[in-house]
Amino acid sequence: MEILLSPAKINLGLWITEKRPDGYHNIYTYMHKVSLYDRIFVKPSPILKVSSSNPSVPEGKENIVYKAVKEFENYTGLEVNLEIFIEKNIPVGAGLGGGSSNAATILKYINDKFGKPLSEEELIKLGASIGSDIPFFFKEGLVKVTGKGDILEDTDIKYENPVFIIYPNIPSDTKDIYSKVDYKMLTKLEDLAKIDSLIFDVNKLVENIENTLGIIAKEHIGTIREVLNTVEYLGYIGNITGSGSAVYVIGEPGNEVDIICKAKNWKLFKVKFI
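So the sequence shown is residues 1 to 274, counted in full-length UniProt numbering.
Treat the hints as calculated values from the structure; they're not laboratory data. Note that the Cβ used here is the ideal one computed from N, Cα and C, for glycine as well. One thing to keep in mind: the hints can contain errors.
As the list claims (entries may be wrong) - Keeping only pairs whose Cα atoms sit at most 20 Å apart, straight-line, the calculated SDA-like set for lysine to any residue is: (1) Lys113 with Glu219; (2) Lys194 with Lys139; (3) Lys49 with Lys113; (4) Lys43 with Glu79; (5) Lys272 with Cys261; (6) Lys144 with Val206; (7) Lys116 with Lys139; (8) Lys204 with Tyr109; (9) Lys175 with Lys139; (10) Lys67 with Lys144; (11) Lys67 with Lys19.
Claimed, not checked - Just the calculated beta-carbon pair ranges, DEER-fashion: (12) Glu210 with Pro44: 23 to 29 Å; (13) Glu190 with Met1: 50 to 56 Å; (14) Ser35 with Glu62: 27 to 33 Å; (15) Glu62 with Arg225: 30 to 36 Å; (16) Leu268 with Glu219: 38 to 44 Å.
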């Protein structure tokens, strides 16, 4: 049996620049992995099996990892028979990319196992056909992500700061949040030039970012507003990742954060950029 680590991500700002005719949206965001991991247990099996420790995550053919393996088989003509068990530590519906990370981690693993029949570019293309956040997880450090999530630009920057993440134990539905985006919420690309100039200092960056999906999420999920208001009252700069519901802060949490999270039944993760 092999054990794979599948990391979470956070969005350092997220803007919607266009509603596409195919139903997707063009985005503009910076993403970075953090040291919050699902663990994926892999062993040989007569047939492909996928299950997880979280009952809210689909098993078998409905699981994104199962779909990723089948797409790999279709793309390469290879047969992949594994028993895959996902120990879920990344909250579901948090905007932390857990499912996408799981799919990318497995795709990279089986591609390596079969002698790398697919290039990184082909893996990114394959990943994009399954889920819009998957391509990012084939990259390292801070990555600029545009298009529907399939256009990736390396920055050669890797942050090392500590980060803490608060998950309010209420999931956010990404499709529902995207469905509420209207044309008034779109951002012109030329208005984002300033953001590109701030990426060398993560603390300056987080002072100037917005998250269009996060704005919608906090309007519809009161607990997200409560988390943001709490961290801001305590003197921190809080930002929503993805479409929520998790809120992250650059830095170490004080004891008061621990106390409040326990009292509110919020999950607190003390991590760092990786």
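Now for the hints, and whether the structure bears them out:
For the proposed pair lysine 113 and glutamate 219, the alpha carbon gap of about 45 Å is over 20 Å, so the pair is violated. The hinted pair formed by lysine 194 and lysine 139 fails the criterion: a straight-line CA distance of about 24 Å is larger than 20 Å. A hinted pair counts as satisfied when its Cα atoms are at most 20 Å apart, and lysine 49 with lysine 113 qualifies at roughly 18 Å. Note on lysine 43 and glutamate 79: the hinted pairing holds, with a Cα-Cα distance of about 15 Å set against a maximum of 20 Å.
The hinted pair formed by lysine 272 and cysteine 261 meets the criterion: a straight-line CA distance of about 19 Å does not exceed 20 Å. For a cut-off of 20 Å, the pair hint linking lysine 144 to valine 206 stands: about 15 Å separates their Cα positions. For the given pair, lysine 116 sits about 16 Å from lysine 139 by alpha-carbon distance, which is consistent with the 20 Å threshold. A distance of roughly 36 Å separates the Cα atoms of lysine 204 and tyrosine 109; the hinted pair therefore is violated under the 20 Å criterion.
Restraint check for lysine 175 and lysine 139: not satisfied, since their Cα atoms lie roughly 25 Å apart, outside the 20 Å limit. The suggested pairing of lysine 67 with lysine 144 is violated, with an alpha-carbon distance near 26 Å, which exceeds 20 Å. For the proposed pair lysine 67 and lysine 19, the alpha carbon gap of about 26 Å is over 20 Å, so the pair is violated. Distance hint for glutamate 210 and proline 44: a CB-CB separation of about 47 Å, inconsistent with the stated range 23 to 29 Å.
Under the hint 50 to 56 Å, the C-beta atoms of glutamate 190 and methionine 1, about 51 Å apart, fit the expected range. Take serine 35 and glutamate 62: their Cβ atoms lie about 29 Å apart, and the range 27 to 33 Å holds. One distance hint, 30 to 36 Å for the beta-carbon pair glutamate 62 and arginine 225, holds here, with the actual separation near 32 Å. Taking 38 to 44 Å as the suggested C-beta distance range, the pair leucine 268 and glutamate 219 does not conform, at roughly 24 Å.
In terms of the numbered hints stated before, the structure departs from hints 1, 2, 8, 9, 10, 11, 12 and 16, listed from lowest to highest.
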